[in-house]
Amino acid sequence: MEYFSIIFQEVYKILFLLIPVLVSVAMIVWLDRRVWAFVQKRQGPNVVGPFGLLQSLADALKYIFKELIIPASSNKVIFILAPIITMTLALIAWAVIPFSETQVIANINVGILYLFAVSSLGVYGIIMGGWASNSKYPFLGAIRSAAQMVSYEVSIGIIIINVLLCVGSLNLNEIVLAQKNLWFVIPLFPMFVIFFISALAETNRPPFDLPEAEAELVAGYQTEYSGMMYAMFWLGEYANILLMCAMGSILFLGGWLSPIDLFPFNLVPGALWLIFKILFLFILFALVKAIVPRYRYDQLMRLGWKIFLPFSLIWVVLTASYLFYFNLLPVN
Amino acid sequence: MAHAIFFYIFSTIAIISAIMVTVSKNTVHSVFFLILDFISISCLFIMIGAEFLGMIMLIVYVGAVAVLFLFVVMMLNVAQQTNQWFSSAYSSRHIPIGLIISIIIFFELIIVIGGWKYKPDLFNQKDLNFTDTVSNTHSLGQILYTDYIHIFQISGMILLVAMIGAIVLTFRQREGVKKQNYIKQISRERSEGVEVLNVESNKGVKIDD
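As they're listed, the protein sequences go chains A and B. Under our numbering, residues -17 to 314 are what the first sequence spells out, in order. Under our numbering, residues 123 to 331 are what the second sequence spells out, in order.
Hints listed in this document are in silico derivations from the structure and should not be mistaken for laboratory results. All residues carry an ideal CB built from backbone N, CA and C; glycine is no exception. Please note that a few of the clues may not be correct.
[Said to hold, decoys possible] Pairs of lysine to aspartate or glutamate, EDC-like flavour, derived with a Cα cap of 20 Å:
1. LYS271(A) - GLU196(A)
2. LYS300(B) - ASP280(A)
3. LYS328(B) - GLU314(B)
4. LYS301(B) - ASP280(A)
5. LYS306(B) - GLU196(A)
[Stated by the list, open to error] Quick partial rundown of chain A residues pointing at chain B, CB under 10 Å, derived from the structure:
6. MET110
7. GLY139
8. GLY150
9. PRO275
10. ARG278
Taking the hints into account, I'd like the entire structure generated from these sequences.
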């Protein structure tokens, strides 16, 4: 009986997180298209519902009622597994995101490692989908994304080390609390910029969307997908983008902390601050999509390995020596 | 109770997927089973409280090593992507070597584990600080960067040497490949690229001489 009540409570908490995440993914797709349109002096989706807010809902309905086409020569089990894995991985990572000091499903010791591990597993959905389609374009897209995501993970990992040096803990709540006086975006500003660009590459967003570059690869790894399976890829992709924004705001923008610890600001609940920060980062993502042209593949690799990796390594040395020299290392 | 149930679930998945790695006909399927194996092993690590090891296992093996495995395996010819080691004529050649290696590894494991079992002071646990106040990551760091710093550094150097060695072995400079030189491209002036000429009619102008 005791187990049942615990399980019931946990399921309640999980649903209370997952349903808002899924709804906000739908809203964020609309926001993305809207920002993209405004930059190009268009209107964007503005027909369905007020300001076109229900556009994503209409799209989702369309996807649900479309026929699922599974290519005859595909590897069927893996073909169906791929979108499921993408979506699951994008959603399970939210378990450790703290919305305030207590509002978190799993406050684990190695929270940031868990986030990093889950985001590095995200590549499997794409590889499996691309390989199982048994077709040229998806396969090329899958191979590109495998190389791209592994490369940019390296620099994200080193940027995380930079932050961890200042915190002294892998727990996400402690990372947020360590920024009580000064958000890490100020002392580690170059790392924030590199993290942002690497997050673009990690989530296959423009200008690094080579795995699905429509001019070269039709739609990359999604070419053979249709109906709900395509929608799941899509949901997973945007949930991943939101997750990277959440990771960026926790690592650099002080998570659920209010910007100033003064009267009107600290009345706003922490969850709202985190949502504002995620939205801010997401609008930056959307602006980048509208402004920057797509990279060539060799330029992408050069940027990852020859610029970001050495630069972030040098910053690790700098941060560590600064903390050591001024005796600021967080020892407990 | 729940702990035991989860332990048996994860270890069963680990063993079955380890068997499937060798048995499955398709090489790509083998790699996927290998990934499943890694994931269930890291779950087992987390269950015994070694959360840091479990996560590192996920990040390093599943997130990077297995991706590169897949990368290589997928590049093989799709028509030949079947594992014929157990059915073809070559099987008699491969199986003895595999057997010898696995028997050696088996005995090594027996020696190591038997050593712990019958001579407990070989496994000196007092160095590791297993308390509730210090997290798993902290206690690992305290021992890895103090008592075993040299071994840690040497293993890092070995990995670096292996990495550079692999690059040196496979790197080959090809002739006639056009490369983009960013500095040259950016530092180009207008005077080098553009020239204004007066063209007489019916004469034309000769460029590129």
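Original post:
So which of those numbered hints doesn't the model satisfy?
Top reply: The structure breaks hints 5 and 9; every other hint is satisfied.
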